[in-house]
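Protein sequence lines, in the order shown, are assigned to chains A and B. With full-length UniProt numbering, the residue at position 132 of the first sequence is 132, and numbering never jumps. With full-length UniProt numbering, the residue at position 36 of the second sequence is 36, and numbering never jumps.
Please note that a few of the clues may not be correct.
Pairs involving identical chains hold if they fit within one copy or between any two copies, as the list cannot separate such chains.
[To be verified] Restricting the straight-line Cα-Cα distance to at most 30 Å, the calculated cross-link-like pairs of lysine-lysine (BS3-like) are:
| no. | residue 1 | residue 2 |
| --- | --- | --- |
| 1 | K114 | K35 |
| 2 | K321 | K119 |
| 3 | K91 | K62 |
| 4 | K300 | K171 |
| 5 | K35 | K224 |
| 6 | K312 | K114 |
| 7 | K171 | K272 |
| 8 | K183 | K205 |
| 9 | K43 | K320 |
| 10 | K40 | K272 |
Please keep in mind that the hints were generated in silico from the structure rather than gathered at the bench.
There are 2 protein chains.
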Amino acid sequence: MERLTIIDIAKLCGVGVTTVSRAINNHPDINEETKAMVMKVIKENHYVPNNSARNLKRSDSKTIAVLIKGISNPFFSPMIKVFEKEIQRKKYSFILQRVDENQDEIEVAIELEKEKRLKGIVFLGGLFSHSQEKLQQLTVPFVLSTIGMTEEIDLSDYSSVSVDDFNESLKIVDYLCDLGHQKIAVITASEDDVSIGKLRYEGYKKALSDHGIAYNERLVRRMKEDIDSYSMENGYAVTKELLESGEEFTAIFTLSDSMAIGACKAIFEAGKRVPEDYSVAGYDGLDISFYYNPSITTIKQPVVEIAEATIKILFDLINKKVNHAHQIFPAELIVRESTRSIL
Amino acid sequence: MERLTIIDIAKLCGVGVTTVSRAINNHPDINEETKAMVMKVIKENHYVPNNSARNLKRSDSKTIAVLIKGISNPFFSPMIKVFEKEIQRKKYSFILQRVDENQDEIEVAIELEKEKRLKGIVFLGGLFSHSQEKLQQLTVPFVLSTIGMTEEIDLSDYSSVSVDDFNESLKIVDYLCDLGHQKIAVITASEDDVSIGKLRYEGYKKALSDHGIAYNERLVRRMKEDIDSYSMENGYAVTKELLESGEEFTAIFTLSDSMAIGACKAIFEAGKRVPEDYSVAGYDGLDISFYYNPSITTIKQPVVEIAEATIKILFDLINKKVNHAHQIFPAELIVRESTRSIL
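Using the sequences and the accompanying hints, generate a full structural model.
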């Protein structure tokens, strides 16, 4: 069982972890009132900072933390199982730490490092828009797993495992074009998304251009910001609007399987069929894409292999077998019932 | 009045929380017009961001832990969101603790109590087969949420929130009987399950007996032990076997929506239709039961209300307004496309 961390104290105080750290370490850049408040919370909660005697007992503890953005996303469920199993097999203990959508994962990681004497970190999911300087604040090995990098960072400064989102997306849209579709709608991320969403969207555009198909921005639809991103509900709402707009299309590509299912539902409710009236293609290869009716044509990410490689690289880093590693897995285009040729 | 959260502000603005956060923190990736709008809403609603002086009052904060069995079960996702929101609204901090299938949740709770100086505990999911003596080792208030009790424990020794699994199951099978079905298969839990699975199965048997339908044990199928319980995969494997056995049936009731979806898939693969050839009924009311094709007739558990009541009872216990409380919510039979009358 883990004791109270600096992150918990920061939440209790309603301040950032840096502020708590400054209070503890008598840093000059903190006002006295805040500092007094933080120290009061620390005392009341019997929090023991990491430099205390109590922590010495734990000095040989070997812990790996997995920091996850989007814990309820079914895409991560099989990965978490692999992480847990592989980390326990190595006789390390395993912490799963949720990170909120708008929380800074590097800050969370830096504090966890101190508190738990981590041996390694896996960052799972979400965007990752941190500078090189910020990454270098991490003092233990870490691996980015299925995360899009938004900054131009030297590859020797980090390790990563993922699929090639641009090319996999290109592959499935290319397939739709080969089936004769010219009017292909897309449900993509918001315009300020600069990560996985952007890469998949760029793949869509490249496929159209490869086939000499003119880009029609009225077929480019954005997920709604007030609905969970990449969810069935979001795909449903966006497709409903698209259908009601009267804009013609014969196929729709959504950046996730969940949105593809929402798209199908909207199409059924409009009295239309999949794939007879509209072809629908997703992305991810969730179990439900197989069980859905019609089954969904998708890009299947090898999630188990990605998770296993993530842990392997992490332990290679810990054991200094490598300095950094980047592994890109091929994903598989799985053609199922939701798409058809219109040639 | 409770303090507004960033989520409330986001809703009022019609944007995501990330956008609100960016406006507050002067992040460059937000356009000026949106930022001005967000700041206006913040001012009008007197919203005080987290790191402000107003938060200093929270120095006496405390912690509530939610211990969950089956973190990847989509049934719990909306509940976790409610727990997090309601606990933060009460100015307590929130810990989500996974418990493994074969871990003893009371032992985990006792350790957490010491480590985190908890003020209260929610046990979520799974069976709960502990003695009265063991329960009494817990020194802080706790509530069992959507958990089946397997021991005969005095109701004054604990608090709980759930639906009436026996009667809700009876309700949906009774509905199938009313549609004229006499040969109703069931996918139920293993024979040694003495909790929710047993209650739902007893409801099935009672409905048949109420309608004077003879019990046929060849239509009673058990989930496979080597596959995740209550999963799509389990429903698929069991239904496939049932279909191959040649045993006649016109309807199948599965103890979860996920298994109902697996059952549909097995039926489609056998070249049959739902509901024309077989009616399929599930249980839970997951989002996917609405999005599936055909949409699934189910018992919809009021998960948000259950989660809210769980937290309300927990705080009533903490504030000594009650000594114990048991709340049973009505669930709703939702008739959708997967079932039909054969009269």
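Hint check results:
no.	hint	result
1	K114 / K35	both (20 Å within a copy, 26 Å between copies)
2	K321 / K119	within (15 Å within a copy, 46 Å between copies)
3	K91 / K62	within (8 Å within a copy, 33 Å between copies)
4	K300 / K171	within (12 Å within a copy, 39 Å between copies)
5	K35 / K224	between (40 Å within a copy, 18 Å between copies)
6	K312 / K114	within (23 Å within a copy, 35 Å between copies)
7	K171 / K272	within (26 Å within a copy, 33 Å between copies)
8	K183 / K205	within (12 Å within a copy, 53 Å between copies)
9	K43 / K320	between (37 Å within a copy, 25 Å between copies)
10	K40 / K272	neither (58 Å within a copy, 43 Å between copies)
Checked against the numbered hints above, the structure violates only hint 10.
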